[in-house]
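Trainee: From first to last, the protein sequence lines are chains A and B. Take the first sequence: its position 365, counting from 1, is numbered 365 in the numbering used here, and each next residue is one higher. Take the second sequence: its position 315, counting from 1, is numbered 315 in the numbering used here, and each next residue is one higher.
Treat the hints with care, since some could be wrong.
Calculated pairs, DSBU-like style, for lysine-lysine (alpha carbon to alpha carbon, straight line, at most 30 Å) [claimed, not checked]:
id : chain 1 : residue 1 : chain 2 : residue 2
1  : B       : Lys109    : A       : Lys109
2  : A       : Lys32     : A       : Lys148
3  : A       : Lys109    : B       : Lys233
4  : B       : Lys270    : B       : Lys282
5  : B       : Lys50     : B       : Lys109
6  : B       : Lys106    : A       : Lys233
7  : A       : Lys233    : A       : Lys315
8  : A       : Lys106    : B       : Lys233
9  : B       : Lys109    : B       : Lys148
10 : B       : Lys315    : B       : Lys274
11 : A       : Lys106    : B       : Lys274
12 : A       : Lys233    : B       : Lys109
13 : A       : Lys109    : B       : Lys106
14 : B       : Lys233    : B       : Lys315
15 : A       : Lys274    : A       : Lys233
16 : A       : Lys50     : A       : Lys148
17 : A       : Lys106    : B       : Lys109
18 : A       : Lys106    : A       : Lys32
19 : A       : Lys109    : A       : Lys57
20 : B       : Lys106    : A       : Lys274
Okay, the calculated bits of chain B under chain A, using three or more residues with CB under 8 Å as the criterion [unchecked claim]:
id : segment
21 : 104–113
22 : 145–152
23 : 239–249
24 : 284–293
The set of hints was computed from the structure by calculation and includes no laboratory data. It should be emphasised that the depicted structure is a prediction, and the values quoted were computed from it without experimental measurement. Positions of the beta carbon are idealized from the N, C-alpha and C atoms, including for glycine.
Protein chains: 2
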Amino acid sequence: MTVLEQLGLRAKTAARVLATASTAEKNDALLKIADALLQNTAYILEENQKDLENGRKNGLSDALLDRLALSDARIAGMAEGVRAVARLQDPVGAVLCETARPNGLKIQKVTVPLGVIGVIFEARPNVTSDAASLCLKAGNAVILRGGKEAICSNTAIAAVMRGALEQSALPADCVQLVADTSRESATAMMRLNRYIDVLIPRGGAGLIRAVVENASVPVIETGVGNCHIYVDKDADLDMAAEIVYNAKTSRVSVCNAAESLLLHSAIAEKALPKIKARLDEKQVELRGDERARAICPEIAPADETDWGTEYLDYKMSVKIVDTLDAAISHIFTYSTGHSECIVTENQNTAEQFLNEVDAAAVYHNASTRFTDGGEFGFGAEIGISTQKLHARGPLGLPQLVSMKYKIYGNGQIR
Amino acid sequence: MTVLEQLGLRAKTAARVLATASTAEKNDALLKIADALLQNTAYILEENQKDLENGRKNGLSDALLDRLALSDARIAGMAEGVRAVARLQDPVGAVLCETARPNGLKIQKVTVPLGVIGVIFEARPNVTSDAASLCLKAGNAVILRGGKEAICSNTAIAAVMRGALEQSALPADCVQLVADTSRESATAMMRLNRYIDVLIPRGGAGLIRAVVENASVPVIETGVGNCHIYVDKDADLDMAAEIVYNAKTSRVSVCNAAESLLLHSAIAEKALPKIKARLDEKQVELRGDERARAICPEIAPADETDWGTEYLDYKMSVKIVDTLDAAISHIFTYSTGHSECIVTENQNTAEQFLNEVDAAAVYHNASTRFTDGGEFGFGAEIGISTQKLHARGPLGLPQLVSMKYKIYGNGQIR
Numbered sequence: 001m002t003v004l005e006q007l008g009l010r011a012k013t014a015a016r017v018l019a020t021a022s023t024a025e026k027n028d029a030l031l032k033i034a035d036a037l038l039q040n041t042a043y044i045l046e047e048n049q050k051d052l053e054n055g056r057k058n059g060l061s062d063a064l065l066d067r068l069a070l071s072d073a074r075i076a077g078m079a080e081g082v083r084a085v086a087r088l089q090d091p092v093g094a095v096l097c098e099t100a101r102p103n104g105l106k107i108q109k110v111t112v113p114l115g116v117i118g119v120i121f122e123a124r125p126n127v128t129s130d131a132a133s134l135c136l137k138a139g140n141a142v143i144l145r146g147g148k149e150a151i152c153s154n155t156a157i158a159a160v161m162r163g164a165l166e167q168s169a170l171p172a173d174c175v176q177l178v179a180d181t182s183r184e185s186a187t188a189m190m191r192l193n194r195y196i197d198v199l200i201p202r203g204g205a206g207l208i209r210a211v212v213e214n215a216s217v218p219v220i221e222t223g224v225g226n227c228h229i230y231v232d233k234d235a236d237l238d239m240a241a242e243i244v245y246n247a248k249t250s251r252v253s254v255c256n257a258a259e260s261l262l263l264h265s266a267i268a269e270k271a272l273p274k275i276k277a278r279l280d281e282k283q284v285e286l287r288g289d290e291r292a293r294a295i296c297p298e299i300a301p302a303d304e305t306d307w308g309t310e311y312l313d314y315k316m317s318v319k320i321v322d323t324l325d326a327a328i329s330h331i332f333t334y335s336t337g338h339s340e341c342i343v344t345e346n347q348n349t350a351e352q353f354l355n356e357v358d359a360a361a362v363y364h365n366a367s368t369r370f371t372d373g374g375e376f377g378f379g380a381e382i383g384i385s386t387q388k389l390h391a392r393g394p395l396g397l398p399q400l401v402s403m404k405y406k407i408y409g410n411g412q413i414r
Numbered sequence: 001m002t003v004l005e006q007l008g009l010r011a012k013t014a015a016r017v018l019a020t021a022s023t024a025e026k027n028d029a030l031l032k033i034a035d036a037l038l039q040n041t042a043y044i045l046e047e048n049q050k051d052l053e054n055g056r057k058n059g060l061s062d063a064l065l066d067r068l069a070l071s072d073a074r075i076a077g078m079a080e081g082v083r084a085v086a087r088l089q090d091p092v093g094a095v096l097c098e099t100a101r102p103n104g105l106k107i108q109k110v111t112v113p114l115g116v117i118g119v120i121f122e123a124r125p126n127v128t129s130d131a132a133s134l135c136l137k138a139g140n141a142v143i144l145r146g147g148k149e150a151i152c153s154n155t156a157i158a159a160v161m162r163g164a165l166e167q168s169a170l171p172a173d174c175v176q177l178v179a180d181t182s183r184e185s186a187t188a189m190m191r192l193n194r195y196i197d198v199l200i201p202r203g204g205a206g207l208i209r210a211v212v213e214n215a216s217v218p219v220i221e222t223g224v225g226n227c228h229i230y231v232d233k234d235a236d237l238d239m240a241a242e243i244v245y246n247a248k249t250s251r252v253s254v255c256n257a258a259e260s261l262l263l264h265s266a267i268a269e270k271a272l273p274k275i276k277a278r279l280d281e282k283q284v285e286l287r288g289d290e291r292a293r294a295i296c297p298e299i300a301p302a303d304e305t306d307w308g309t310e311y312l313d314y315k316m317s318v319k320i321v322d323t324l325d326a327a328i329s330h331i332f333t334y335s336t337g338h339s340e341c342i343v344t345e346n347q348n349t350a351e352q353f354l355n356e357v358d359a360a361a362v363y364h365n366a367s368t369r370f371t372d373g374g375e376f377g378f379g380a381e382i383g384i385s386t387q388k389l390h391a392r393g394p395l396g397l398p399q400l401v402s403m404k405y406k407i408y409g410n411g412q413i414r
């Protein structure tokens, strides 16, 4: 058995205990984890300092160093996040339906944990406690694998969590961290079907692509959002400008930020200068088709790659369309299935857009920035699913479970 | 674009139309397909004859030739299967829940089609119409890829179905067959993430393993069932003998057949001869541990591989255990998560088994053979999922859909 297989077996064994743990036992363990994070703040910060020093030596960008950096406040935030998960409803053990068959069999469909969840993530050490607490509350053991940049921080946080679990009714092996941060170990983890039930990648497009391409363990694909806002001919243009401004600029680095603007030709001449004026306040660089550039010649020309690009930056593509169908067709071609929005005062047009556009979240007259577990009222989330299998949109606790059938008979044979 | 990519794009384009087709349109298309299958029986049989001749030339086994062979009755059965799917409830467009957020956003969660489903299957040509009709009713375009042994039959059936679709409101490209039956084409299909949303393999363990290992498209793993029956110390032994006999012998080649028998030591001396006598009627070969062989010395010795083997044959492993926990631990180690059963008159013991055993279907006092879409009341099914993501157990129409969030605002920004 490899080190990773041993770790997998320990996780599967812990998951078996965790699967039938009571809500009170799980909450108690979570609160102990939160306390331990606070009590060990100094130790965690010390280990985090090592990552930061290594990062500076290795020339990490300031943005990456910022993601990596912990502080008293950030650790307090992590602890509060764990407490918030303890307050959420336990998703395990719900009876989804119950049927009696003509032969007398009673079939009950109940929620059960997924089992062992593998989480592969990049530089943010807070993912360690965020992901672990959600997995644990849903009755799942978790195998965490963070980036090498954060290995000291992650190791410290995982050790603190495991120490807290040792004081609880749950096995410490409910939370494990992969110490080996090599690419080979990541690939081996993606193919550990015998012990891992589900893989959730959290990170940039490159990480997610690598997991989707290499994993044989079932994956919940998260993240990439090439989100569009379509301003219809019947739009309230003031509302449109506010929504585009918010969706593009309130936080450019996130997956629910808007990347592309579609304008109906009937209102484009009025709408584009108005929206552009608002985006100019944040120096958003627009890249447009010929018709957009005819209206605002200072817009740079867009090429084919722009339509498919998730900029994650102060950039936005803009295209003029003549019909609702043309807007929907453009989205059909370039959407990543994350979040799409129509701005219109026409209810029929809105309903057609909401029905025909295929994405996790489709908005009428609201910013795409609302695609978020907290904003949807789910509490914490572990990512935004952009695939159609299992769960779509924010992955909260209700999405971190599976189900099974319990069948009650009195000797039925077939 | 490769031929397969072109096919994928056509499927995705057809799926877009199909996603918003009405139930009446889909049912009309299904009934036209059923009629066309009957009207073209002679043509389909002629093409099937070519496959059978090739099969005989290539030395296919009688069992395989039987699976491959169509007849008037089998084609009538296929047509009736399609009609049955038309009668089932449309799973698309159901409102799963609706919430109003404090900021006034109304969030509606609705069922939508998965999109494009790839089905990779082996020798049975009836899968062509079974799978296509289920996918179509759930609003999904389907790309079918059968084995090379059945290529003439599958091509004929797909052509008949597409001909019927041309007379309907739905695009013919809702149903497509991959003509290239090479291994390379199968692998390329498994990695067609841009156009295929979900892959469902239907076939033996080798096919399923190949799909799980090679696919980057999300897979619903189906099929392998190393199913156990545990006869508890408080079991009704007559009931136990009937359930074991039924679960083992009523159809040995299916995934819900029992493969392994666990007996509590307190009743093993009475139970084993009784159950063995019943299994002897069908010449079931038992392979047991030392304690089972001490009771019935004519039982062959089991080795480690027996505990993990899905025989799909008149063979069964048998082991004596001292406790319920030992039975559950054995199942934990060797189960494929398909169907597991306890026979006992003790309700508490039963409930513990049902809660602690992790499988798609866990039975109390009933044969494992009931794990089936029809027996569960789902109508037709496309397979039995043994994974925990998305759906577990029989995959009927309700499992062939995804969901999306429709969000109604009036200018909300974040």
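Trainee: Determine which of the earlier numbered hints do not hold for this structure and return their numbers in increasing order.
Mentor: 5, 9, 18, 19, 22, 24
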